[in-house]
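Going down the list, the sequences are from chains A and W.
Those letters in the first sequence? Residues 2 to 359, by this note's numbering.
Those letters in the second sequence? Residues 179 to 457, by this note's numbering.
Keep in mind that the hints are not guaranteed to be accurate.
[Claimed, not checked] With the Cβ distance kept under 10 Å, some of the chain W side facing chain A (calculated, not the full set):
| # | residue |
| --- | --- |
| 1 | I236 |
| 2 | G262 |
| 3 | T265 |
| 4 | A271 |
| 5 | G285 |
| 6 | R286 |
| 7 | E287 |
| 8 | L294 |
| 9 | H295 |
| 10 | L297 |
| 11 | K299 |
| 12 | A410 |
| 13 | M422 |
| 14 | G424 |
| 15 | A425 |
Quick caveat, the hints were computed from the structure, so don't treat them as lab data.
For each residue, glycine too, the CB sits at the ideal point set by N, CA and C.
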Amino acid sequence: MTTGTTGTGGTGTGSPPRREYTPQRPGSGWFGPRSLARRSVSAGETWVLAALIIMMAIFTVLAPGKFLTTNDLSLISQGAAPFLVMAIGETFVILTAGIDLSVGFVLVLSGVVAGEYYVHNGGASAGTGTVWIGVLIGLATGGAFGLLQGLAVAKAKIPPLIATLMGLGVAEGLSYLITGGHDLSTVPGKLASSIGQGSLGGVQWLIIISFLATLAFGLILAYTRFGRYTFAIGSNPEAARRVGINVDWHLIKVYGLSGLMAGLAGIMNLAYFSTTTISGHPLDNLTVITAVVIGGASLFGGRGSMLGTFIGVFIPEMLAAGLIIIGVNQYWQYILTGLVLGAAVYLDQIRRRLRERT
Amino acid sequence: MTEVAEPLLEARGLVKHYGHVLALDSASFTAYPGEVVALIGDNGAGKSTLVKTLSGAIRPDRGEILVEGRAVQMSSPLDARRYGIETVYQDLALAPDLDAAANLHLGREIYRFRPLHVLNKAEMRKRAVAAFADLGVELPDVTAPVVTLSGGQRQSVAVARAVAYASKIIFMDEPTAALGVVQRERVLDNIRRVRDRGIAVVLISHNMPEVLAVSDRVEVLRMGHRVARFKASEATVEQLVGAMTGALTTEDADEPVTGAAATAAGGNGTAPGDGRGQA
Numbered sequence: 002m003t004t005g006t007t008g009t010g011g012t013g014t015g016s017p018p019r020r021e022y023t024p025q026r027p028g029s030g031w032f033g034p035r036s037l038a039r040r041s042v043s044a045g046e047t048w049v050l051a052a053l054i055i056m057m058a059i060f061t062v063l064a065p066g067k068f069l070t071t072n073d074l075s076l077i078s079q080g081a082a083p084f085l086v087m088a089i090g091e092t093f094v095i096l097t098a099g100i101d102l103s104v105g106f107v108l109v110l111s112g113v114v115a116g117e118y119y120v121h122n123g124g125a126s127a128g129t130g131t132v133w134i135g136v137l138i139g140l141a142t143g144g145a146f147g148l149l150q151g152l153a154v155a156k157a158k159i160p161p162l163i164a165t166l167m168g169l170g171v172a173e174g175l176s177y178l179i180t181g182g183h184d185l186s187t188v189p190g191k192l193a194s195s196i197g198q199g200s201l202g203g204v205q206w207l208i209i210i211s212f213l214a215t216l217a218f219g220l221i222l223a224y225t226r227f228g229r230y231t232f233a234i235g236s237n238p239e240a241a242r243r244v245g246i247n248v249d250w251h252l253i254k255v256y257g258l259s260g261l262m263a264g265l266a267g268i269m270n271l272a273y274f275s276t277t278t279i280s281g282h283p284l285d286n287l288t289v290i291t292a293v294v295i296g297g298a299s300l301f302g303g304r305g306s307m308l309g310t311f312i313g314v315f316i317p318e319m320l321a322a323g324l325i326i327i328g329v330n331q332y333w334q335y336i337l338t339g340l341v342l343g344a345a346v347y348l349d350q351i352r353r354r355l356r357e358r359t
Numbered sequence: 179m180t181e182v183a184e185p186l187l188e189a190r191g192l193v194k195h196y197g198h199v200l201a202l203d204s205a206s207f208t209a210y211p212g213e214v215v216a217l218i219g220d221n222g223a224g225k226s227t228l229v230k231t232l233s234g235a236i237r238p239d240r241g242e243i244l245v246e247g248r249a250v251q252m253s254s255p256l257d258a259r260r261y262g263i264e265t266v267y268q269d270l271a272l273a274p275d276l277d278a279a280a281n282l283h284l285g286r287e288i289y290r291f292r293p294l295h296v297l298n299k300a301e302m303r304k305r306a307v308a309a310f311a312d313l314g315v316e317l318p319d320v321t322a323p324v325v326t327l328s329g330g331q332r333q334s335v336a337v338a339r340a341v342a343y344a345s346k347i348i349f350m351d352e353p354t355a356a357l358g359v360v361q362r363e364r365v366l367d368n369i370r371r372v373r374d375r376g377i378a379v380v381l382i383s384h385n386m387p388e389v390l391a392v393s394d395r396v397e398v399l400r401m402g403h404r405v406a407r408f409k410a411s412e413a414t415v416e417q418l419v420g421a422m423t424g425a426l427t428t429e430d431a432d433e434p435v436t437g438a439a440a441t442a443a444g445g446n447g448t449a450p451g452d453g454r455g456q457a
């Protein structure tokens, strides 16, 4: 990273205890040392953005006029919405050097619990109030599940991989036990027609919700104490502890957030498909982790961004859409996504090595 | 000058057991305002335990801690901070992915909008630049992640953080242990600068020439007990080593709790030198 011009040096060699210091006025303009433009060049997500743009350019050239029609974009964004929402929580978790494997299963569990509530309360013709209560129940289920996993990680000191693997099993088992293995398909019409299929000003509610959530939590990550502590804990938990940060409680909240986001994704999923899709999400966790890592977040914690995650979610989706349009077997998507993932982690390793000086 | 001043921080008869191990055996320690006092001792002499006790990280089983003459309870590092005591840990305790400004304010963020804990990054940057300038430290860019800084610069960040909040005392645990020659000089400069600001510095070190170069006084710990005090200007490396290893004892004020240290202290009671080491 290039540094700005170094301080003074002009104060002579007498080295008085307090020398004149020119505070490098952090440039707030567009091209100053701290400008958005400059920062984004050095940020980890830059190359991901470049990859996305190149990819889109290639597809546009190969299939002019067919790729990236408004309709495409809207379909892609709709399909990606639950992943994007789960990736928000996963980003926070990975930034703390953790991992949450349970997300797809918590999605299902939250949908199942909310669905069960709807079955017993008004069914397909449930009123607005009931719909909202069901939504809150779904969110609470995910959030509570996440908090429990956070407790396992922070207090019981169970490694995140195992704690959330455990949670994955519990969530899956509960979903099957509650439903008896049969999807609940009695979903209120008001839920399906609003969040599920409805739109506002031509934009699907699923897209609006997922984008707004990304924006909100992106701001929280970048500009608030919660975000700052997340980075600090992922960077050096012991240092965070010593300056008085309640590391355990913060971790519990972060896993709780991931659960909450999975719960939101569960409601979106339930609304979109009008059924609980119990067996439909076995690999969501890996899809989400892939997106976060492609987006430049370091699995060692401490580094990453919500913008990166956002792009990371869309790269595999765009790839799939583009391959279909140019007539290449769409299963190439998996291979290419795998390669991109490998490249992302390899790049992270190189970056780590390059910048570590001693 | 230090003789007449009231001690800033004083520990009296601190005892700390870890199971069967007696880490502090009626240990005492004194720091005066505006001095650099070195705390030395062989491995296992109880230096770390003593520092942890005085910085609130652990609680002693027995004994008194006085800040400016008043007995205080230090049950957490936050307590110690409230009394104006900060610690620069050997591993620096910095978050490498955060920049210098963020590290300086870690745990003590400044907010733009408090109810939502929205950070005031500009203000924190400004204060960080001022804090480094105050210490005479040149940091090319307070917004660069700490991991990209050199070892000496990182040390400066940790010191600046302690200085920014310490109103009375800074403990520095082996601050130069991991550094090269040039960086080591820089840290010693930092220590002197801090002292010149009227803050007492307690330096824990193994490096005797360094201790004599930078300290005003030296206190020696052996087997959990203070065995000697020196004025750095009058002490030699041989004396310090002698005190650390048990060849020299100048302290007899505090009675150790157990026989082991008592025998050691009593056996070599009279200093082979002229016993000029005293406070």
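Would the stated hint for A425 of chain W survive a check requiring a Cβ distance to chain A of less than 10 Å? Violated. Min distance 37 Å.
Minimum Cβ distance from K299 of chain W to chain A below 10 Å? Holds - the Cβ of K299 of chain W comes within 10 Å of chain A, reaching about 8 Å at its closest.
Less than 10 Å between beta-carbons is the criterion; does A410 of chain W satisfy it with respect to chain A? violated (21 Å)
May I ask you to test the interface hint for L294 of chain W with respect to chain A, counting a Cβ-Cβ separation under 10 Å as satisfied? Because about 6 Å separates L294 of chain W from the closest Cβ in chain A, which is inside the 10 Å limit, the hint holds.
Interface hint status, R286 of chain W versus chain A (Cβ within 10 Å): holds (7 Å)
Does the nearest C-beta of chain A fall within a distance shorter than 10 Å of the C-beta of M422 of chain W? violated (28 Å)
With chain A as the partner, please determine if A271 of chain W meets the hint condition of a C-beta pair closer than 10 Å. Since chain A brings a Cβ to about 4 Å from A271 of chain W, closer than 10 Å, the hint holds.
When the least beta-carbon distance from H295 of chain W to chain A is tested against 10 Å, hint result: Result: holds, 4 Å to nearest chain A Cβ.
How about T265 of chain W: closest beta carbon in chain A under 10 Å, or not? holds (8 Å)
Does G424 of chain W hold up as a contact with chain A if the rule is Cβ-Cβ below 10 Å? G424 of chain W check fails; min Cβ-Cβ to chain A is 34 Å, beyond 10 Å.
Just to be careful: measuring from the Cβ of L297 of chain W to every Cβ in chain A, is the smallest value less than 10 Å? This interface hint holds because 6 Å falls under the 10 Å limit.
Can we keep the G262 of chain W interface hint, with Cβ of chain A closer than 10 Å? violated (15 Å)
When held up to the earlier numbered hints, the structure conflicts with 1, 2, 12, 13, 14, 15 and fits the remainder.
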